[in-house]
Amino acid sequence: MTTAVADAHDHHDDHGPAKGIGRWLFSTNHKDIGTMYLVFSLTMFFVGGLMAIVIRSELAIPGLQFVHPEFFNQMTTMHALIMVFGAVMPAFVGLANWMIPLMIGAPDMALPRMNNWSFWILPVAFGILLSTLLMPGGAPAGGWTMYPPLVLQTGDAFPFLIFSVHLMGISSIMGAINVIVTIINMRAPDMTLLKMPMFVWTWLITD
Amino acid sequence: MPKGVTDLSVETYNIHMMIFWWCVAIGIAVFGVMIVSLFKHRKSKGVKPATFSHSTTAEVIWTAIPVVILMLIAIPVAETMVKLEDSRDPDISIVVTAYQWKWHYRYQDEGVAFFSSLARPSLEARRKQSGVDPFAVDNYLLDVDRPLVVPRDAKVRLLVTSNDVVHSWWVPDLAIKKDAVPGVINDTWFKAKEVGTYRGQCAELCGKDHGYMPIVVEVVEADAYQAWVNMRKESVPQVAGTTLAKEQQ
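Heads up: the sequence lines are chains A and B, in that order. Position one of the first sequence corresponds to residue 157 (this note's numbering), numbered consecutively onward. Position one of the second sequence corresponds to residue 2 (this note's numbering), numbered consecutively onward.
Just so you know, these hints were derived from the structure itself, not from any lab. Please note that a few of the clues may not be correct.
Claimed, not checked - Cross-link-like lysine-lysine pairs, in silico, DSS-like; alpha carbons within 30 Å at most:
1. A:LYS351 x B:LYS46
2. B:LYS194 x B:LYS178
3. A:LYS351 x B:LYS194
Given the sequences, and given the hints that come with them, work out the whole structure.
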């Protein structure tokens, strides 16, 4: 009897993070997810930056030295999409994930499993987008605003472009919902809206 | 930004500079107040922070001042825009049709129509590894085989449209940047006051040769214009009942 009670009492799990890749794949921890967002953002920043180097090298002096005009336009279009949706926005969401729960006294984001999804959609979306560089007709080259009719001249990459941008949109909408719900519902007692730090306010407003 | 060679290009330039100086003044005022406040009210001077969280007076002031500034900007801008849009009673009407990647001009009353493409020297130099030094080419990427020719002091109406994707007819010296949209005819106008050659480019990404469809407008005296029109008419084989031959030029 006493042993049974002692057993139950001592039956603590190890609360450290899961081991191996599972820690990152299945994480619901806002700091882990925030870190993944920031690392992903930095990676995309370098990928987009490489494209910027192609663009600026070609423009350095008049005439064509390195690439053809059609590939140049693919570089500008992909650079913009990657920098906007792959570098800037995930960097912001990464900081929000890290900071907001800490700043408002919440134990985690309000919807931790959705948080995991918001992040893991991104590598899939950008995998699809980057794969268009290898497709017949090349990557999208009509500018990141994707205006028709020019964007309709995209080759086989067209449906993949549409799908990947929708995935990015779904990811950022889920991230925004998570931030809003966290700020509205998970503030510590006495953390009124007007006592919130400016960083948290900017997130509540812009989301 | 050039002052340009039309009355409206000068007006556009002046509006641009007026707004620029408003921005400078606002920048100095805002950052000036901020720097003075940071310097004079810093903690090491023992200044106690203010505790109020609301001031109706401040809100009225920071709403009223921008409204007044915006009105001062909006009124002259609206006046100029009304003039820009008024393309009635032109002396010459030209249909400008954009193609991937060249321009087509059709003078409505003169029976003159032609394509205007990148000039041959630029075309050769712009090929990858062409071996031609672009610096050795006059007006590299800003020269065409057949320029648009118009007389000085004539009101020229442009009816701008496109055959394929969206382009934009942009000539800074005329202060005109008009989108060429398929299925839509946008109109604009200019009256150049000085004889000369004015160069522009396509200003809306339109595919791989977006950078290789420049615009050249030659403004000439009225008699030289008439001579040019006659020359163009003679050089085009006339086919009865069709304008096709002219357009194939």
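Against the 30 Å threshold, does the CA-CA distance of LYS194 (chain B) and LYS178 (chain B) hold or violate the hint? Judged against 30 Å, a Cα distance of about 19 Å means the pair holds.
Would you check the hint for LYS351 (chain A) and LYS46 (chain B), treating anything up to 30 Å between C-alpha atoms as holding? 26 Å, holds
Can you confirm whether the C-alpha distance between LYS351 (chain A) and LYS194 (chain B) stays at or below 30 Å? 63 Å, violated
Consistency note: the structure conflicts with earlier hint 3 alone.
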